[in-house]
Amino acid sequence: MNKVWILVKREYKAAVRTKGFIVSLVLLPIMMGGGFAAYVLLEDKVDLKDKTVLVIDESQSVGDYLVKTAEYRNANEIIDEESGEKNGPAFLFKVIDKESDFEAQKLALSERVRDKEIHGFVHIGPDVINPGTDSDKTRIIYYAENSAMGNIRRWIANKSNDLIRQTRISEKGLDEAEVHSLFAFVDAEGMGLVSVDSKTGDVVDAKRSNELESFLVPYIMMLLIFMMIMMSAIPLLQAVMEEKSYRIAEVLLGSVTPWQFMLGKVLGGLAVSLTTAGIYIGGMFLTMSQMDDLPFTIPYDVLPWFFVYLIFAVVMYGSVMASLGSTCNDSKDAQNIQFPAMLPILIPMFLMMPLIQNPMSSFATWVSLFPPFTPMLMLVRQSTPVEIPMWQPILGVVGMLIFTILAVWAGGRIFRSSIIMVGKRPKFGTMIKYIIKG
Amino acid sequence: MNIIELEGITKTYGTHKAVDDLTLHVPKGSIYGFIGPNGSGKTTTIRMIMNILYPDNGNIKVNGKELIGSQLGNVGYLPEERGLYSKMKVKDLIKFYGELKGVKNLDAEADNWLKKFDLTKWGDKKVEALSKGMSQKVQFIITVIDYPDLIILDEPFSGLDPVNAEIIKEEILKLRDKGSTIIFSTHDMSVAERMCDYIFMIHKGQKVLDGTLASIQEKFGEDTLRVQTELGMSALEDLRGVERVNDFGAIQEIRMEPHADSQEVLSSIMSKTKVIKFELTSPSLNDIFIRIARPENTEDHE
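Residue numbers (our numbering), protein chains in the order written: chain A, 1 to 438; chain B, 1 to 302.
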């Protein structure tokens, strides 16, 4: 064990004393927060250029309504009251006649859009107010570049429907003011569960659960553990391959057993990841404790689990990566094997969103109990505001423990057989033979 | 007492038998030379002694202990293919291996070895800054830093200039004098002849020679004439009773046919040219090696 410790020390020093480590320590949170920050920053950067939209109105009413409503909006809704500055683009709607060759007209208008002369054009079907059987006549079609994403399309839909609804109501002879209450929308609010305050013994209402908390906390946790694995377990593939191809491995094997060699590498990686996680989480909590009104509760109860999962994940994936690294002779071999080897870490990333949305589904339960996925997916489920039954993480840990022991054992046997082998990389079947024969 | 006992070990890669039923005993305190052509099984044998490869059959005992699956203690190993952590500082690297081998007074010992090999001023430099010869010396240091009982060196002199080779040779002899047993493989027959107490030759996975140089040479008898003549090689063509001539430039080594008379050969040569030197001797290790390792003992002269 003493020799393993010496190897771990060397690995750890070699990793944390490099410039690369310091750079990645700084870069990772920037990259992680970068997308979020960019979103927040860019959201305020609204395009202020006025948008001209031409309307071909066969309904003979919606088009004029859009023109008037847009004029009202331009006069009242796009000027910031405090600063007096414009905070959104004006919508300039103009009704034009439908030409006899409508296809040619649409093509000509499309050309004008491409030439940036106008922003887009709308075709309003003749029967939008009172839909008949011909569905083609009841459509409102908005033509523009990137029409599906633009908020003009939503605005046109909302306003057109306002008019359509009003017209239909008044055609029925009802008073519009009375009808208004018929359409009053009642939202369902999300609330956490009621609990007992441990200090006062009072029953307290839970905090209003907000979407940010439900999403952000599991997202950050998942990203954090993913990055720790990417920083410590995945590089073992390359590192072991290099030690093999630079002939360092056999020199080391004069002093340590292959088993100690592999364990030293894996535990060295673990030490690096624990250091990094410690720095990030310490930093995050320090920052959050200084903030007065956090938009979410700090998930103190998930933290110990985070480290449990991190330890298992790095040892489990690390052994697999190190043993696969021992089968590679050069970086080309390593590149070929890297992507399939990373799948058990990438798949949970794809499953993250459905699990955050529905952490208690039976799919979520079983997929998070699959040992290679447990570290990431059980953590995600536990980080959501939903309470996961305690037997699940415990069963997850038992599964991971068994799987980790197997991974380390099998990895050790592949490592032992491959680390000094040169020539062609062993095939999958050969590796299975190494595992069985030792 | 033997420090290494190999009993009938076999190692097969696929269908290729790398080592075939090999039995070998290495006495404690000796210098044992492993020779053999490339791919003959030297490195595989060494790796099995080092417990890096397991034999398919047979037993290996090191220091009286059965080896397979157990930890090998107090052995220094310099593999044929060797590399060092290039980003580490030289002294840190020596200390790292020293620590792994349980060396006491690590700092002083590292300084001592650096000084011995004239590397003191390189201690703080990174390994990548060393020349090939210097890194070979560092590799030698990390192999023997704990003065192990058994030292196994696979091609220790390859790529070394004569000065550095001499330094390492001297150190090997000193370590032997302090009680270490040394096994080394080499392609340099003159080094093996001069340094080794015992020589073991492996060819196509099988033991073909094992014993002291004298006992090996004795097997081949005094069938070699070493001559120096005025005409050199040209005077030695088409001689009766000659199996083969090795031309070393200034001198030639003549291997006689079995039962040929050395005096007859000498008079044939004297009839063609003036003989400056003439010696009847046993074959050199180099010649023995070539006799065994050549694809067939052809009659063509070199």
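Think of the hints as simulated: they come from the structure by calculation, not from any bench. Remember, predicted model here, so these are calculated numbers, not experimental data. Warning: the hint list may mix true and false statements.
Unchecked claim - Here's a subset of chain A near chain B, in silico, CB distances under 8 Å, partners left out:
hint, residue
1, 3
2, 247
3, 248
From the three backbone atoms N, C-alpha and C, an ideal C-beta is built for every residue, glycine too.
Taking the hints in turn, this is what the structure says about them:
1. The interface hint given for residue 3 of chain A holds, since its Cβ lies 6 Å from the closest Cβ of chain B, which is under the 8 Å cut-off.
2. A distance limit of 8 Å between C-beta atoms decides the matter here; for residue 247 of chain A the minimum to chain B is near 4 Å, and the interface restraint holds.
3. At a threshold of 8 Å, the smallest CB-CB gap from residue 248 of chain A to chain B is about 5 Å, leaving the interface hint in force.
Checked against the numbered hints given earlier, the structure satisfies every one of them.
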